[in-house]
Amino acid sequence: MVDYKKEIDKLLTTLFPIARSITGDGNRETLRLLQEIIPLNIKEYPTGTKVYDWIIPEEWSIKDAWIKNSKGRKIIDFQKSNIHILNYSIPINKRIKFDELKEHLYYKKEIPYTIPNRTSYYKKNWGFCLSYNDYKEYFNENEEYEVFIDSEFKEGFLTIGDLVIEGASKKEYLISTYICHPSLANDNLSGVVLTAFLAKELLKKKRNFSYRIVFAPESIGAITYCAHHEAIMKDIDTGFVITTVGGPGKFGYKQSFDENNPINHIIEKIFHENNIEFITYPFKDIGSDERQYSSIAFRINVATICKDKYFEYEYYHTSHDNLDFVKPEYINETLNIYLQAIEKIDKSIVYENMFPHCEAMLSKHDLYPVVSGDYIPKKGMIESELMCRLLIYCDGRTDLYKISQILEMPIDVIYRVANKLEEKGIIERLF
Amino acid sequence: MVDYKKEIDKLLTTLFPIARSITGDGNRETLRLLQEIIPLNIKEYPTGTKVYDWIIPEEWSIKDAWIKNSKGRKIIDFQKSNIHILNYSIPINKRIKFDELKEHLYYKKEIPYTIPNRTSYYKKNWGFCLSYNDYKEYFNENEEYEVFIDSEFKEGFLTIGDLVIEGASKKEYLISTYICHPSLANDNLSGVVLTAFLAKELLKKKRNFSYRIVFAPESIGAITYCAHHEAIMKDIDTGFVITTVGGPGKFGYKQSFDENNPINHIIEKIFHENNIEFITYPFKDIGSDERQYSSIAFRINVATICKDKYFEYEYYHTSHDNLDFVKPEYINETLNIYLQAIEKIDKSIVYENMFPHCEAMLSKHDLYPVVSGDYIPKKGMIESELMCRLLIYCDGRTDLYKISQILEMPIDVIYRVANKLEEKGIIERLF
Amino acid sequence: MVDYKKEIDKLLTTLFPIARSITGDGNRETLRLLQEIIPLNIKEYPTGTKVYDWIIPEEWSIKDAWIKNSKGRKIIDFQKSNIHILNYSIPINKRIKFDELKEHLYYKKEIPYTIPNRTSYYKKNWGFCLSYNDYKEYFNENEEYEVFIDSEFKEGFLTIGDLVIEGASKKEYLISTYICHPSLANDNLSGVVLTAFLAKELLKKKRNFSYRIVFAPESIGAITYCAHHEAIMKDIDTGFVITTVGGPGKFGYKQSFDENNPINHIIEKIFHENNIEFITYPFKDIGSDERQYSSIAFRINVATICKDKYFEYEYYHTSHDNLDFVKPEYINETLNIYLQAIEKIDKSIVYENMFPHCEAMLSKHDLYPVVSGDYIPKKGMIESELMCRLLIYCDGRTDLYKISQILEMPIDVIYRVANKLEEKGIIERLF
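Protein chains in written order, with my numbering: chain P, 132 to 562; chain C, 132 to 562; chain A, 132 to 562.
Treat the hints with care, since some could be wrong.
Identical chains blur together in the list; that is why a pair holds if it fits in one copy or across any two.
With a straight-line Cα cutoff of 30 Å, these simulated BS3-like cross-link-like pairs (lysine-lysine) come out [what the hints assert, rightly or not]:
no.: 1; residue 1: LYS533; residue 2: LYS415
no.: 2; residue 1: LYS228; residue 2: LYS555
no.: 3; residue 1: LYS255; residue 2: LYS495
no.: 4; residue 1: LYS365; residue 2: LYS533
no.: 5; residue 1: LYS533; residue 2: LYS137
Because the hints were derived from the structure by calculation, they are not lab data.
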């Protein structure tokens with residue numbers, strides 16, 4: 132079990148206030164701070180680039196925004212919370228009647244004391260988000276207001292961070308998270324932070340497989356990444372989309388596109404091994420970037436392990452999804468679940484038996500006891516027996532995880548025995 | 132719900148008395164009367180034509196037949212019921228002792244008051260069918276009888292009616308019924324009548340798929356039709372054999388060759404939607420023309436929806452299978468079940484997503500809400516979400532019915548959404 | 132039911148005392164005695180031959196062996212039981228201290244009164260097996276002993292007996308047993324004896340399929356046989372490894388590699404038909420020669436029917452696995468189970484329907500009743516109906532056993548009906 136609680140705490144505090152969006156300096160600053168932890172590559176894709184059916188939009192930045200009432204008092208102030216602004220709002224500076232203004236005010240009646248988070252990335256618009264309580268208190272039918280948004284649109288870039296951690300095999304697994312949300316802690320600063328420390332751990336020793344870590348704005352970022360790494364992404368079969376991993380609520384996991392994919396079995400196994408109750412969310416093409424990665428041309432089986440899954444917790448997409456809600460210890464817990472799952476994934480090697488005709492003579496390879504005849508399997512399995520049982524399934528197609536399921540043995544044991552057989556040249560790693 | 136009760140009643144009354152067989156003028160007259168309802172093509176196949184392992188037999192016609200007792204009294208009279216005659220009886224006119232005659236008398240002890248229906252199409256023979264009560268009353272050990280059958284065999288034709296209702300796609304579904312039974316109402320005048328009005332309904336508007344309607348004598352007719360439309364029939368995957376649809380008893384359906392074929396799911400769904408209890412009959416290669424259509428070279432998945440299925444009702448193949456047993460309202464009910472099933476089948480289109488890489492940008496195509504961030508799916512699914520969920524399965528192989536099962540949504544909803552996506556050019560119909 | 136009890140008894144008594152091993156004259160003598168029952172071919176493979184990862188070892192023979200105590204008294208004597216010797220012991224003749232000797236003494240504390248059976252085929256070694264009681268009684272810390280083993284190693288041969296019983300089809304089933312165990316009755320003299328009489332029965336009449344009978348030493352023998360009959364063995368799909376068939380305990384069967392292979396269904400069916408309780412042992416790549424036959428390159432589905440399966444009975448690999456434990460009537464019982472399974476296997480013919488388009492006209496081939504219309508299937512299935520039902524599945528891929536499962540009819544009935552259809556040329560045997 133790793134313990135990154137202190138570093139997680141520090142990173143959460145540093146990153147939380149930054150005003151992120153699908154483009155802009157907030158994202159660059161976020162990635163730059165992550166580079167202090169892991170050697171991310173920063174990739175910039177220019178405004179106007181066509182990525183499949185989409186076009187990378189203009190870069191958006193915002194310095195200030197507020198609404199003043201007729202007495203000149205600031206009743207909504209971007210400086211107090213960056214989610215007060217409809218993300219991607221156009222600049223505006225004018226006096227306006229309530230009747231017109233109210234079309235640009237977003238609140239959430241169900242939780243009257245919280246500010247909802249809203250966006251308008253692809254349709255020019257402006258607006259303010261506020262609590263329903265404030266809406267009732269500060270706004271009146273016939274009053275006139277002054278609205279001010281100091282935002283800017285320009286030809287710029289969409290920014291993505293990635294890192295390929297190379298293992299013994301070139302076969303890659305995808306680990307992707309999204310960086311476009313402003314000051315919202317569980318969705319998805321928690322995912323960003325967890326992914327950083329997950330990558331840090333993966334870098335500590337050479338793995339069997341390679342891991343492609345991606346920090347991108349949701350949807351348009353994942354699409355841009357796919358479009359610019361198309362062949363690579365088509366070669367990837369499996370991965371994770373990491374989001375909402377730090378709430379006080381229940382663990383859960385969202386299944387990948389094919390519910391029978393081993394990644395789903397592995398996640399459930401980890402929860403069981405840790406005695407953790409969890410909620411199973413079947414695959415749905417709504418949610419996060421699994422929408423892109425699971426699309427027809429890619430069909431990557433990406434699963435998501437959550438603690439307080441998006442859509443499911445009360446403060447989802449509100450100003451109360453903050454650092455009172457998300458705690459370093461929760462993120463650290465979920466990080467350990469991800470690490471354990473990757474431990475198993477990393478052992479899911481496909482071997483080919485070099486002696487497909489009958490069985491290899493294990494005693495010749497110093498792998499079999501010298502005196503025979505006294506073995507009775509119900510007394511517990513000896514290693515040479517496990518070798519025989521393993522070898523018959525090393526057919527160049529079945530991976531160790533699948534074999535561990537057939538033999539009803541922990542993959543760690545299977546993996547250790549496979550390593551011995553590999554050393555002796557009895558099996559060879561295919562991928 | 133369509134209401135053809137009056138027209139069904141009229142057609143039943145007109146067609147019931149006609150003496151049909153596997154060939155002959157009774158069949159021609161039946162098809163001619165059906166032409167008053169739908170534009171059937173009449174196809175004639177000459178006697179002696181080889182159709183696979185079979186040969187089209189001589190055409191048979193009959194004017195009169197009776198048995199007189201020793202006192203010259205008609206005790207059996209074809210004029211009273213055309214099922215008194217063993218179908219395809221050779222002509223005869225002679226005095227005969229009871230001992231010889233009794234080999235030519237067919238009755239049904241289990242229901243002593245009814246006349247059974249019997250045939251001898253492929254072996255020259257003659258005979259009379261009568262109730263067991265009459266057998267006991269009118270026949271005596273040592274009496275002599277006069278038997279008279281005024282039938283004729285000649286080089287002629289086997290007659291089939293067909294109609295292809297062309298839809299947007301050339302992909303065809305088969306709808307077949309058999310016309311060879313004389314005055315038997317449920318088996319199978321009910322099927323003939325239902326099929327006529329089903330075709331009439333299908334003609335009312337352009338459908339997505341094409342429907343091939345076939346009225347043919349059972350077995351030899353279906354075989355002849357397959358032999359003369361072999362390539363077309365090999366291209367058909369699915370269809371219905373319509374029979375025994377008008378009894379007072381229970382609804383049921385006979386599954387097609389492959390029990391997992393969607394047609395079987397669709398039929399069950401319709402029954403459930405209509406709150407109708409039904410009996411499931413697994414596929415068996417006995418029964419009706421599914422024997423031919425499901426044969427190795429064709430393997431068409433034909434299912435049958437029944438109301439009082441053949442073999443299962445007491446009056447099956449007897450003179451009591453008449454218009455007291457079969458009612459227009461029963462046929463109309465079953466007709467509506469077939470129509471509902473075809474409604475679903477007709478929506479089972481296979482689409483290909485034109486944007487297989489990641490997802491199409493729905494907002495660009497005016498299919499996505501402008502302000503994002505407030506959507507929580509547990510509050511009910513909005514259309515743009517359903518679009519995303521649908522698009523990920525439009526892989527050029529999976530039809531809308533299958534997708535509706537995956538998404539657990541009614542196919543009508545899926546179909547409506549698919550139409551919108553098709554209009555925008557986001558998906559294209561494959562077949 | 133066959134009754135070979137007397138002949139089994141005689142053969143058991145004759146073969147039991149012979150000192151067998153993986154090579155040597157004991158094996159030759161065993162096979163020669165089997166030749167008095169069935170026309171076995173004897174095949175000799177020379178020492179040093181490479182067979183896949185293995186090399187055929189030197190031939191081993193032994194004339195005498197004993198241990199004398201310090202008073203010159205024989206306390207262990209090979210002449211009393213051939214399992215006293217560690218099989219493949221090198222020659223030795225010297226005085227030895229207990230401290231050195233004890234490394235060469237094998238006993239079984241759990242059953243203190245019995246002698247265990249041990250081998251050291253591939254590592255030069257010597258040793259004695261004895262009961263734990265004798266170990267305690269005859270051996271003392273500081274005593275000196277005289278050990279004598281008059282064994283010999285020489286360039287020689289490994290000896291295998293085989294017999295191909297040719298049936299109507301060249302498609303072969305494998306029936307293999309192992310001959311390398313010395314005086315151990317259930318493991319595996321019982322298997323050797325059963326296989327001999329099974330082959331004798333199979334020779335009595337022409338079968339549909341061919342049966343390849345193999346008597347070989349375990350592991351190295353099966354490997355040698357595979358290496359020298361590679362193409363033939365790769366063509367075989369299914370078979371039996373016959374072992375431990377004569378104990379007083381429960382029947383059981385070990386499943387073949389693919390648990391869904393028909394051979395497993397057939398064995399269970401036979402047990403049910405005979406009202407025999409049985410234990411199901413799932414496939415494991417430990418046990419006997421299924422390790423070789425199921426290996427990646429061969430993947431023969433070999434199952435094993437046992438009565439007191441190896442590993443499972445107390446006296447496994449001890450001197451108490453003798454003719455008090457194994458009885459002729461037990462072997463005869465198991466023989467009948469094998470024969471019944473082979474009866475079903477032998478009927479699992481694949482036919483092709485010569486009339487794949489629609490159905491053959493059964494009445495033309497004298498296979499259908501002349502007068503039609505009175506058939507109602509719930510009254511019991513008539514043969515012509517069964518013919519129709521069978522024909523639709525004779526697609527050149529599905530064998531009669533599989534069809535008997537689909538139709539839920541005994542294979543004997545299906546087989547009889549198929550024979551009639553074959554005689555008429557309606558179906559043709561593929562294999």
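Okay, which hints does this one fail, numbers in order? 2 and 5
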